[in-house]
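Peer 1: In case you want the letters, here they are:
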Amino acid sequence: EAEVAQSPRYKITEKSQAVAFWCDPISGHATLYWYRQILGQGPELLVQFQDESVVDDSQLPKDRFSAERLKGVDSTLKIQPAELGDSAMYLCASSKSYEQYFGPGTRLTVT
Amino acid sequence: GIQVEQSPPDLILQEGANSTLRCNFSDSVNNLQWFHQNPWGQLINLFYIPSGTKQNGRLSATTVATERYSLLYISSSQTTDSGVYFCAVYGNTGGFKTIFGAGTRLFVKA
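So the sequences go chain by chain: A and B.
All residue numbers for the first sequence refer to this note's numbering, where the first residue is 24 and numbers rise by one.
All residue numbers for the second sequence refer to this note's numbering, where the first residue is 4 and numbers rise by one.
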């Protein structure tokens, strides 16, 4: 069964450092989503791509976060510089129509 | 924007018991999904159910879109059902996007 792949699974970084996460969606899924999940809360959408175009990034803190999906397949989410409040689970999902499928996530700890 | 409320926030069950989880949403939505988040953080798809009723083994779900709620039924609960259950809706909240509820944390005791 096809799955969404994410790496790394865990990342510990010091504040003010740069960090990047990678996501490979299910083959054929045109829509890709990045979510942030703070402990004890539901996931919050950061950015949504349709192929290589950004559909929604209204909740992305653009002063430090960036996301790209250059060839409309895999995607990278970057944080620079990382802050203590960025500690969270970062989840990637993909969909062909509306039903979303999630990857295992990257758990980020900023010290 | 659309508000999504899940209840109860926490639930403790004895193995074998049945339960109903509820998801209320404040405005009309195009789609609704139920997920189970396991202890490792992975979100597992349970149901894609914008309307109607679906069943999958011991789980079933019903969405009444006109009344803005969805229910997830768990029958004969097992310890492996423990985790957090989320509903997520897709609707217009200053632009169409996916909104998650805060979840229901379920613990099933052996």
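Calculated from the structure, these hints are not laboratory results.
On a predicted model such as this, the values are computed, not experimentally measured, just so you know.
There's no promise every hint is true.
Said to hold, decoys possible - Just some of the chain A residues that point at chain B, by a computed CB distance under 8 Å: (1) 31; (2) 33; (3) 37; (4) 43; (5) 45; (6) 61; (7) 66; (8) 71; (9) 112; (10) 122; (11) 123; (12) 128; (13) 130; (14) 131; (15) 132; (16) 134.
As the list claims (entries may be wrong) - Far from chain B by the CB rule (all over 10 Å, computed), these chain A residues: (17) 51; (18) 79; (19) 86; (20) 94; (21) 106.
Cβ coordinates follow ideal geometry from the N, Cα and C atoms, glycine included.
Peer 1: Run every hint past the structure and note whether it holds.
Peer 2: Results for each hint:
A distance limit of 8 Å between C-beta atoms decides the matter here; for residue 31 (chain A) the minimum to chain B is near 13 Å, and the interface restraint is violated. A hinted interface residue such as residue 33 (chain A) counts as satisfied when its beta carbon comes closer than 8 Å to some beta carbon of chain B; here the least separation is about 10 Å, so the hint is violated. At its closest, the beta carbon of residue 37 (chain A) sits 23 Å from a beta carbon of chain B; the interface hint therefore is violated under the 8 Å criterion. Interface restraint check: residue 43 (chain A) against chain B, minimum CB-CB distance 19 Å, threshold 8 Å, status violated.
Among the interface hints, the one on residue 45 (chain A) is violated; its C-beta lies about 17 Å from the nearest C-beta in chain B, farther than the 8 Å criterion. Against a cut-off of 8 Å between C-beta atoms, the interface hint on residue 61 (chain A) is violated, since the closest Cβ of chain B lies about 11 Å away. Look at residue 66 (chain A): its Cβ gets to within about 5 Å of chain B, closer than 8 Å, so that hint holds up. Satisfaction of the interface hint for residue 71 (chain A) is found here, the shortest Cβ-Cβ separation to chain B being roughly 7 Å, below the 8 Å cut-off.
Of the supplied interface hints, the one on residue 112 (chain A) holds, with its beta-carbon coming within about 5 Å of a beta-carbon of chain B, less than 8 Å. For residue 122 (chain A), the shortest C-beta to C-beta distance to chain B is roughly 4 Å, which falls under 8 Å, so the interface hint holds. Taking 8 Å as the C-beta cut-off, the interface hint given for residue 123 (chain A) holds, the closest approach to chain B being about 7 Å. For residue 128 (chain A), the shortest C-beta to C-beta distance to chain B is roughly 5 Å, which falls under 8 Å, so the interface hint holds.
For residue 130 (chain A), the interface hint holds, since its Cβ comes within 8 Å of a Cβ in chain B; the closest pair sits about 7 Å apart. Here the hint on residue 131 (chain A) is broken, as its CB sits about 12 Å from the closest CB of chain B, past 8 Å. Taking 8 Å as the C-beta contact cut-off toward chain B, the hint placing residue 132 (chain A) at the interface is violated, the least distance being around 13 Å. Hint on residue 134 (chain A) is violated. Least Cβ distance to chain B is approximately 20 Å, over the 8 Å limit.
Residue-level check passed: residue 51 (chain A) sits 17 Å from the nearest beta carbon of chain B, beyond 10 Å. Taking the minimum C-beta to C-beta distance to chain B, about 5 Å, the non-interface status of residue 79 (chain A) is violated against the 10 Å cut. Listed as a non-interface residue, residue 86 (chain A) keeps its Cβ farther than 10 Å from every Cβ of chain B; the least gap is roughly 21 Å. Taking the minimum C-beta to C-beta distance to chain B, about 24 Å, the non-interface status of residue 94 (chain A) holds against the 10 Å cut.
At roughly 21 Å, the least C-beta separation between residue 106 (chain A) and chain B is larger than 10 Å, which holds for a residue marked as non-interface.
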